[in-house]
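Engineer: Single-letter residue listing:
Number of protein chains: 2
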Amino acid sequence: MSTTIDRVKAAREAASAGLDSARDMDRQDALAPMRGLFALPAGEIYLDGNSLGAMPASVGPAMAEALSEGWAKDLIRSWNGRNWHMLPVTVGDRLAPLMGAKAGEVLAADSTSVNLYKVFCAAMRLRPDRTGVISERNNFPTDIHILQGAIANVFPQATMALADDDDESVLSLLGPDTAVVCLSQVNYRTGRLRDMARVTRAIHDAGALVIWDLCHSLGALPIDLNGCNADFAVGCSYKYMNGGPGAPAWLFVASRHLASAGNPLTGWQGHAAPFAFEVDFAPSATIEKFRVGTPPVLSYLPLLESLAVFERTDMPALRAKSLKLTGYFMELADEKLARHGLKVITPRNEAERGSQVALTHDEGWPIMQALIACGVVGDFRAPNILRFGFTPLYVGFEDVWGAAATLEAIMESSLWREPRFAERKLVT
Amino acid sequence: MSTTIDRVKAAREAASAGLDSARDMDRQDALAPMRGLFALPAGEIYLDGNSLGAMPASVGPAMAEALSEGWAKDLIRSWNGRNWHMLPVTVGDRLAPLMGAKAGEVLAADSTSVNLYKVFCAAMRLRPDRTGVISERNNFPTDIHILQGAIANVFPQATMALADDDDESVLSLLGPDTAVVCLSQVNYRTGRLRDMARVTRAIHDAGALVIWDLCHSLGALPIDLNGCNADFAVGCSYKYMNGGPGAPAWLFVASRHLASAGNPLTGWQGHAAPFAFEVDFAPSATIEKFRVGTPPVLSYLPLLESLAVFERTDMPALRAKSLKLTGYFMELADEKLARHGLKVITPRNEAERGSQVALTHDEGWPIMQALIACGVVGDFRAPNILRFGFTPLYVGFEDVWGAAATLEAIMESSLWREPRFAERKLVT
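In order, the protein sequences belong to chains A and B.
At position 373 of the first sequence (counting the first as 1) the number is 372 in numbering that gives the first Met the number 0, and the numbers step up by one without a gap.
At position 327 of the second sequence (counting the first as 1) the number is 326 in numbering that gives the first Met the number 0, and the numbers step up by one without a gap.
Hints may contain errors.
Which copy is meant is left open, so a pair is good if it fits within one copy or across any two.
Straight-line C-alpha distance at most 25 Å; calculated SDA-like pairs for lysine to any residue [unchecked claim]:
#1 K424 <-> P155
#2 K101 <-> D333
#3 K8 <-> E397
#4 K335 <-> R311
#5 K101 <-> V153
#6 K424 <-> G103
#7 K72 <-> A61
#8 K72 <-> A41
#9 K72 <-> S57
#10 K72 <-> P60
#11 K8 <-> E167
#12 K72 <-> E397
#13 K335 <-> P346
#14 K323 <-> P346
#15 K72 <-> E422
#16 K72 <-> E43
#17 K72 <-> V426
#18 K323 <-> A381
#19 K72 <-> L303
#20 K72 <-> G59
#21 K424 <-> L303
#22 K72 <-> R6
#23 K323 <-> R311
Bear in mind the hints are in silico, worked out from the structure with no lab data behind them.
So that you can see chain A by itself, here it is in the shape it has in the complex (with noise of 0.2 Å):
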């Protein structure tokens, strides 16, 4: 069966048309080199770190000195002397730019899933007499699902609606009721980019708050929640961030509802002075509020060092890259992949474009599984959708095109039929 994919492989560099254009671009990319700072696997192309990114070079070193001298060695003087115990707040001040958020405004902890309970809660709280939630159906499950369990047990009184993917949808169910909005400024499947400014703006005419969940868009592109004035954000850290997996998630609070904002998970982190060792409860005047429990100190260390790497670029060139690179898939995609059934859903109007491109096809899982035997990786999202994620730090243009050729040679020679690749895995 190898052969098999072999001679896709040898189509694919037969079918060099276009190839040289590829590399063209690529030569005049600025943003070339940046691909020489992450750890790549070699003969591979890989198109998923929209799910997770790839690891910056500096990782193994940075980690070993920390397990050698920080952990082995200083042992516990290093929550001190590494400053481990800060780094929910230190990573999040350094998260802040990437997101248009001030130093104090973001806290790196948890998970998304329940940084978000955090924030809904807190929102909820300052719209007491309203009972209206707004969520929207094709939102990453996670969110909904928290929504529905915070409704349950804190706000028994409320109700959600969920809208449909466009922005309008969201607007025609604000109402005077209506509390908070939960939204995903990119969509998982579809990659389409809503309006931070304009559905923020309309939910604060209905006298409503928002909680922007930027997971599929923090590191992909500019991010203005301070200039949209945003009343509260969630989003994880190992997508475009490379911040390694499962690394800490995050939120943000706009500093004019800090005060007010409480968090319903008390841990003794988010005390005024945890070291106190205090029997009441008396939450943090800062973000610090927002912490809950002992931080994953070895989860944070990658995402220092992605940081570093964000540190030396900044975000309108990273966006003028990727809208090219997603272009130039679909682009290929027309020419190449229309004819065999694979449908571009992704908006082709840059202003609501991520920085993935979603095609649908009825055979989607098995395609995508042939793909990935052909050094090619993307994902599969139920029922039908094959997810490119297009990380402007390390794809370049000739990833793009090979990318579209390996697919184009496997719908061409069938390989996808093959009946190794219809098998199911427990994570798509």
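Mind docking chain B on chain A? Use the hints.
Structural biologist: Chain B in isolation, oriented as in the chain A frame:
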């Protein structure tokens, strides 16, 4: 000033009466070779494993391999290929035997504080007609704080009473309205060990449910949650479990409660089918219903190495050595330290003692800082407690002798009165 420290060290060496017998005890200690499995700092005596456990020597290579092969090379595929997705369950299953639990009753995830919020809410829902909550005044503060926050936000009709350190005090608070009791098995300040079987029985006799916090006992002594018929438990894995700074915490739900206990933090990873991406939350039927978000993978990996160490020994043997270590230290404290005003507050009775010894002194802070400067690492808890943790896996009898002799020399030399030792640190 360092010459003062050198003189203290020399005094310790000179005061070698008793050192020979300590060395004899080490020679007779069948567990002594386990120390070689840890990377310990050279020339120091580490007695703070009850705060941050030492690093298993195999962590360095295991982490390096996971980074270079798991993250950098296999990338997204490691969620399946390395079973990263199931780490909360597989690690939980390996923790289970250490606490007398069955596979499927323990989940390794989040922080102790977040886990306590989950199981406290679950337990309260199982006693819907009762409003009484009991904890203990000297519980680790986060336990009290989390209960305070859950009561304020989720169970506003509930009220909490706080018991004193002794078991009788807890029992005297039980009544027909008691819903849930949350206690630490070993007190973080005094090292006092509660009678889990007796207290659990009394709580059940009152018709209430118990949550045991095992942060200061798991890995240090045999625990039999199911033998005691316990309902819920929580704990961390970075103290006696040696899982690394901020290693994932865990929760235990007795299998008889699993079907009816509900997690208020309904994140996608607790869904019955997380990768079906469904709109409505439907909890998993297993312990996975207590999962929330994506697990911080890198923070789980050292715990796997530590569990492999535990699986080479057994808890009764570790407990026997632990009691010898703490007993020997108290004997030396009586002999060398009592006359300097350092008073043992840890119970002498073995059945009431965990694996730490606490001394009190009004000048505890500078004394502990001077001791650390002399190479003996314990810690300080306000207002006046010097804590010494004796991890039987890597602490020997010569360490115990050396710690007592150094502390004696510090008291005799008044080294601790040097102004530099008065400086406070962020994390104590």
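Engineer: Are the hints correct? Go through all of them and say.
Structural biologist: Here's how the hints hold up against the structure:
1. K424 <-> P155: Result: close neither inside a copy nor across copies, 37 Å intra and 44 Å inter.
2. K101 <-> D333: Intra 42 Å, inter 55 Å, cutoff 25 Å: neither.
3. K8 <-> E397: within (14 Å within a copy, 65 Å between copies)
4. K335 <-> R311: neither (36 Å within a copy, 58 Å between copies)
5. K101 <-> V153: neither (30 Å within a copy, 32 Å between copies)
6. K424 <-> G103: So K424 and G103 pass the 25 Å test across copies only (22 Å; inside, 41 Å).
7. K72 <-> A61: both (15 Å within a copy, 18 Å between copies)
8. K72 <-> A41: Answer is between; shortest inter-copy Cα gap is 8 Å, intra-copy 35 Å.
9. K72 <-> S57: Both: 21 Å inside a copy, 15 Å across copies.
10. K72 <-> P60: both (16 Å within a copy, 16 Å between copies)
11. K8 <-> E167: neither (44 Å within a copy, 75 Å between copies)
12. K72 <-> E397: between (45 Å within a copy, 20 Å between copies)
13. K335 <-> P346: within (18 Å within a copy, 77 Å between copies)
14. K323 <-> P346: Within one copy, since 14 Å is at most 25 Å while 70 Å is not.
15. K72 <-> E422: The answer is between: 22 Å across copies meets 25 Å, while 47 Å in one copy does not.
16. K72 <-> E43: between (38 Å within a copy, 9 Å between copies)
17. K72 <-> V426: between (37 Å within a copy, 18 Å between copies)
18. K323 <-> A381: Answer is neither: 27 Å inside a copy and 59 Å across each miss the 25 Å cutoff.
19. K72 <-> L303: both (21 Å within a copy, 20 Å between copies)
20. K72 <-> G59: both (18 Å within a copy, 13 Å between copies)
21. K424 <-> L303: Between copies only: 24 Å across chains, 32 Å inside a chain, cut-off 25 Å.
22. K72 <-> R6: The answer is between: 24 Å across copies meets 25 Å, while 53 Å in one copy does not.
23. K323 <-> R311: within (20 Å within a copy, 56 Å between copies)
Hints 1, 2, 4, 5, 11 and 18 from the earlier list are contradicted by this structure; the remaining hints agree with it.
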